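Engineer: Top line first, the protein sequences correspond to chains E and Y.
Counting from 1, one number per residue, gives the positions in the first sequence under my numbering.
Counting from 1, one number per residue, gives the positions in the second sequence under my numbering.
Just so you know, these hints were derived from the structure itself, not from any lab.
Just so it is clear, the structure is predicted and the values come from calculations on it, not from any experiment.
Don't take every hint at face value.
Put simply, identical chains are the same to the list, so a pair is met inside one copy or across any two.
As the list claims (entries may be wrong) - With a cut-off of at most 25 Å between alpha-carbon atoms, the simulated BS3-like pairs for lysine-lysine come out as follows:
{"#": "1", "residue 1": "415", "residue 2": "351"}
{"#": "2", "residue 1": "191", "residue 2": "175"}
{"#": "3", "residue 1": "191", "residue 2": "3"}
{"#": "4", "residue 1": "378", "residue 2": "121"}
{"#": "5", "residue 1": "415", "residue 2": "175"}
{"#": "6", "residue 1": "415", "residue 2": "393"}
{"#": "7", "residue 1": "351", "residue 2": "175"}
{"#": "8", "residue 1": "3", "residue 2": "415"}
{"#": "9", "residue 1": "371", "residue 2": "3"}
{"#": "10", "residue 1": "191", "residue 2": "58"}
{"#": "11", "residue 1": "415", "residue 2": "371"}
{"#": "12", "residue 1": "418", "residue 2": "3"}
{"#": "13", "residue 1": "351", "residue 2": "380"}
{"#": "14", "residue 1": "121", "residue 2": "415"}
{"#": "15", "residue 1": "175", "residue 2": "3"}
{"#": "16", "residue 1": "191", "residue 2": "378"}
{"#": "17", "residue 1": "393", "residue 2": "418"}
{"#": "18", "residue 1": "380", "residue 2": "3"}
Here is what each chain is made of, one letter per residue.
Protein chains: 2
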Amino acid sequence: MNKSVVIVGAGLAGCLLAVYLARAGWTVDLRERRGDSRARGHAAGRSINLAISARGLKALRRAGLEETILRNAIRMPGRMIHSRAGAQEFQQYSRDPNHAIQSVSRSALNLALLEAAAAEKNVGITFHQRCVEVAAASGTVIFIDDSTQQPSSVVADLIVGADGAYSAMRGIMQKNEGFDYSQEWLSHGYKEMQIQPVTSGAHTPFAMNPNALHIWPRGASMMIALPNPDGSFTCTLFWPHSGSGSFTEISGAANGRAHFQRDYADALPFMPTFDADFDANPVGSMLTVRCNPWSQGGRVVLLGDAAHAIVPFFGQGANASFEDCESLTDALAAHGDNIAAAISAYELDRKRNADAIAEMALTNFVEMRDKTASRAFKWKKKLEHFLHGVAPKFFIPRYDMVSFSTIPYADALQKSHKQDGIRSRLVIFFLCCISVGLWAALSNHQSSIFVYTCIFVGLFISFMWSATRNK
Amino acid sequence: MNKSVVIVGAGLAGCLLAVYLARAGWTVDLRERRGDSRARGHAAGRSINLAISARGLKALRRAGLEETILRNAIRMPGRMIHSRAGAQEFQQYSRDPNHAIQSVSRSALNLALLEAAAAEKNVGITFHQRCVEVAAASGTVIFIDDSTQQPSSVVADLIVGADGAYSAMRGIMQKNEGFDYSQEWLSHGYKEMQIQPVTSGAHTPFAMNPNALHIWPRGASMMIALPNPDGSFTCTLFWPHSGSGSFTEISGAANGRAHFQRDYADALPFMPTFDADFDANPVGSMLTVRCNPWSQGGRVVLLGDAAHAIVPFFGQGANASFEDCESLTDALAAHGDNIAAAISAYELDRKRNADAIAEMALTNFVEMRDKTASRAFKWKKKLEHFLHGVAPKFFIPRYDMVSFSTIPYADALQKSHKQDGIRSRLVIFFLCCISVGLWAALSNHQSSIFVYTCIFVGLFISFMWSATRNK
């Protein structure tokens, strides 16, 4: 066995895949369009963080990196909801208080993965390599070195496009007949802001509880904040691009500050760099990319954001990409010399799951920015946790399935639809029970209770039966 | 008024728009990636034809070209359905026998439009011009001359991308944030074949009735044929790319011939070049392209297939593109100096109609290849024509609205959904009436007839009411 792979893109997924495949005996040629991030050391300036949960940790564990990453991670076992008045309310994510998502620095994670890849003796890494052409039939990729403008050509048994949401590899494949593709932009943009560490006289550098993902839900918009080890929080504003309450409408630090006074007043005192951040930081856009097939000629294959860019609202982008790496590695191991068959198995496994998490990530935006603030949402979550306690295998809340399990995303989506039906029917059932109980108590018709109980048990069974069948 | 426009693409839509805008006083710079088709004269070899209907004729009339085009067109007032056994059945498209779609040569149509554009004194046409860059802010387009490799740069008030389904202009716009885009390929491909003119002893050179669009509906696949003035027919096979009955399965002239013996036996005798055609002609692919917005910076705008490539099954591709030209011209006239406002008005008018015809074109494939062969379809059409006769304004069959009217596509789609409901309810109503009539006649309950009639009239009214409300 002496197989070679070219991986285009040394981001999170590209590096992890390089580690996996190198350890499985592959000769790995890892090419990155940008420069070497190791030269810059840990990213200076603003910290950008992301949430890693069960799926990501499992994949990192497999590469022996879980401990390294968790050393600088901050546990977030729940959401902290900030009201306009400044009240904070903690909502635990799971019934189990040990379940937490982890806030980690994106650049530190990428650096750890790049160093792990570089430490493998059969991994070669080259930077400033822009992918310009792919010939699936011959397994050839052509790169141009952006510092020297020299082209180079590589031939490999397997070619992986792990070059992110704006993938050059996918752009090339898009010209193929039969390549279905869609890019859909969100009407909301984002802007990053900073909450600074507290410097004077406090016992902690954190201006707010660090063990939570902070959310300021404001209906059509929201701000979130994730903690960093240095005591700062990275905040992200999610506002519409245009229209009422948009980045277009609220432009310039003065307008931004006025808007913050109204909607995010409790955060403003901890943002000494507000004016500079608001004016200098760009408004980013978010998109969902779907394509099919993910491969070409049984030799070229897309992975991670290149295959399925998703919006960030379930914190699953990196997690999903890491699962791709595991799936492709396992498929290649299972199919031995037949790379085309391995790619087919990988696509069959991952495409449906990528579609499911893309859908759930879009749905979760509405939940975060709007529903988390409502009393109904709180009771819904409490009921879900209760049901999960009563029947831990039968009923698992969607958030738990996505963040604290490795149940395939598509199965989680389907199961949660089914559970939604059950939950709604249970609520109706209990309301009926209470009405009957009240009626019986008030009217002294003690003898009728048995009859009505029978009727409602019958109703309950048929409700549950229809719930499990219809969804 | 001295405004300038660059039109990228001298295809059907690009040329027609050039004529319209030149006559409205614009200076038109028309650039085409291919060579000058006038140099080749009328296309030799295979004739490719397309169907022009009311919308296209209206647009051509406006340019004074209707008569020229109709001179070499062949009327097709209906479909001719060919059974496996070789039986032919004519289905008139409209209740009105004067309604016909027109089979015209694509290359002749393009040539006539190109000549009309060239005849305008403020139109300049340049060939071999590949569009490589667009800067909306400055109104600059950069082309590379494919024969000399020299770049050239043009500045204009308005830039129109009319460069077809694989539009280079759209490819450039796709990289913009906020540009939603999807390309969806059909699982069926197509291959063109020829039915040759009859040469010996016949009074007509046509092997079949020339005044019909011939269809061989075979469930999952089909063949169609459109007449050419020289007595030949251009046939198009629509088969799946892969799987049962696909181009992959039936490859090579010998297999093709065996398949034809079974499915298209009556056409085979008129195809003396069958083996050569089947082996030499490529299998094409078809796609639907949707994007939004169609414009950038109030100055760059897409039109025709570049904005909305559709599958060919309603024969509306060219017709829809010609309507785009009319709409953009009208919007520019209405908004005077405000080009950005004109572009907005054009998009508002055309985007919803493009989406509607894209959907109807996909639906019509199933109708053509599968339903046209069924008895139920025939009766459905007869009922539609009857209803159209009874209430010509209230009930207009979808085919009539799309092909023989200029009702906006989106309105036609919505109205036809509503009508489907009415038609289904009418069928149920008449079946009920017949049952009641039979029951009354058989049981001699003469006195009850009045009661039941009242009930059914009530049912009828509520049916009709719900039909008009729900869709």
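Engineer: With reference to the structure, classify each hint as holding or not holding.
Structural biologist: Evaluated hints:
no., hint, verdict
1, 415 / 351, "within (18 Å within a copy, 37 Å between copies)"
2, 191 / 175, "between (33 Å within a copy, 21 Å between copies)"
3, 191 / 3, "neither (44 Å within a copy, 40 Å between copies)"
4, 378 / 121, "neither (52 Å within a copy, 72 Å between copies)"
5, 415 / 175, "neither (37 Å within a copy, 37 Å between copies)"
6, 415 / 393, "within (11 Å within a copy, 49 Å between copies)"
7, 351 / 175, "both (20 Å within a copy, 24 Å between copies)"
8, 3 / 415, "neither (40 Å within a copy, 60 Å between copies)"
9, 371 / 3, "neither (51 Å within a copy, 52 Å between copies)"
10, 191 / 58, "neither (31 Å within a copy, 50 Å between copies)"
11, 415 / 371, "within (21 Å within a copy, 38 Å between copies)"
12, 418 / 3, "neither (44 Å within a copy, 60 Å between copies)"
13, 351 / 380, "neither (31 Å within a copy, 41 Å between copies)"
14, 121 / 415, "neither (43 Å within a copy, 67 Å between copies)"
15, 175 / 3, "neither (28 Å within a copy, 35 Å between copies)"
16, 191 / 378, "neither (28 Å within a copy, 60 Å between copies)"
17, 393 / 418, "within (14 Å within a copy, 47 Å between copies)"
18, 380 / 3, "neither (52 Å within a copy, 61 Å between copies)"
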